[in-house]
Amino acid sequence: MYRSLKESRAALVGWLPMTWALALLISGCEGTLEVKEREFLTPAGTSPDLMFAGAIQDFNTAYNGRRVVSVSALLTDETHSSHTAPSRTATDQRAQFTMNQGNTGDGVYRALHRARRASIRAINAMADDGDTTGSRVSLMKQYEGFTHVFLGENFCSGIPFSEVTREGGLVDGSPLSTQQIFEAAIPIFDEALAADGSNDAARVGKARALMNLGRYTEAAGVIGSVPTSYVFFVEHSDNSSEQENGFFNWQSSGQFSLSDLEGGNGLPFRSAADPRVPWVEDPLGGFQPGIRLFIVQKYAFRTSDAVLADGIEARLIEAEADLSTGGSSWLVKLNALRADVANLMAPRVENYSSLVPGPNNPTTTLAPLTDPGDAPSRLDLLMSERAFWLHVTGHRLGDMRRLIRDYGRDPADVFPSGPYLQGGDYGTDVVLPLEFDEVNNPNYTEDLCVYDTP
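Counting in numbering that gives the first Met the number 0, the sequence shown runs from 0 upward without gaps.
Everything labelled a hint here was simulated from the structure, so no lab data went into it.
Please note that a few of the clues may not be correct.
[Stated by the list, open to error] Restraint ranges, calculated between C-beta atoms of paired labels, are given here:
1. A272 with S376: 47 to 57 Å
2. P371 with N442: 45 to 55 Å
3. V355 with N264: 45 to 55 Å
4. G284 with T132: 47 to 57 Å
5. E166 with A272: 51 to 61 Å
Bear in mind the structure is a predicted one, so any value in this text is a computation, not a measurement.
C-beta: ideal position from N, C-alpha, C; glycine also.
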């Protein structure tokens, strides 16, 4: 039965079996990063090329191998649980367990630190081999920077950044506040740009860290040269479960469903019939009986790549910076993106023009927005545009926390609230808690993680 269920769902969303090579290359519009051939290991027993390739895979797994993208979407209004796993339901309900009981975000936390350390090890191995600049070093620094951004956006404040020495010893880190984490990310992205000045993904990453610090004008100044057409993908492959698109995997087994007006104040991701969020309903329903299953077609295949950074985000950052200073160009920037929606979505979503027909035709155009006339409504409009353009790419939780932290919004007005789909009411969590293993760090105590503080 399980096999036929998965086959039916796969057919519904247009899954086609593919065999791709292991994604050792990450490509943006600026070209391809190639791995140099090596025939020996370094004296320390590590090949720089193997370390480089492994770090790429560790980052890909942390980002969208059932990690950042999927779990953060669950805590927000992007998706809701259609599964029976208690920890998944607790995250969706914003009422997560105590750290010692374990939570859905534990795997995300482990994966991000693993990816961070893998990038550092790869940089050290390449430096030992005389490789200190260029695209490979820049990519590793870029990934290190993004792991900081994801940890800061998704998890509670007070995160230790422990290190492993080259000899295998552990150096316990001291807890960093959310602000300190974003501040630490900025010089890492600067190092990525120093190694390769053409790395636009690092520019977007740096601007994203600055946005999380409320430094909007500085953020806009970083990404002015990034073309709107620019895209940097995290690549996926069907070679193994770790290399597959994790969001697809969870949806294909009925575990996540696309939300609509979740908790009464979530965004209308289904009912808006917006071409930026193509979806279709699976008539078989979710894993949990009685819950309807709405499939996000952005990740229609096991091999669907995920956007990490792009020129659309650059324009959205510029728009928010302009709005924050009372400027007049923010609406022009938003409407310029909307006017080109089909061309912008096509390279970002595999087989976009031929997706399974749903309530929203992928070729639908978007009408221009009009100025709602007051500051709160303008901010609502801009954040809605961010949510639709950047849907299920790991941005939404950070944006919702910014609305509370930087713009003074009430958490109950930002996150899903009121009666919960599977019974009871939503809780008050606005962050993912750290993994309980951190209490083994003598510098850390569990009470540093406050679930309802952005």
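Hints, verified against the model:
1. A272 with S376: 47 to 57 Å: Taking Cβ atoms as reference, A272 and S376 lie about 22 Å apart, which means the hint is violated.
2. P371 with N442: 45 to 55 Å: Holds - the Cβ-Cβ distance for P371 and N442, about 47 Å, lies within 45 to 55 Å.
3. V355 with N264: 45 to 55 Å: Since V355 and N264 have Cβ atoms about 30 Å apart, the given range 45 to 55 Å is violated.
4. G284 with T132: 47 to 57 Å: holds, 53 Å
5. E166 with A272: 51 to 61 Å: Because 58 Å falls inside the window, the suggested range holds.
Figure legend: structure checked against the earlier numbered hints; hints not met, in rising order: 1 and 3.
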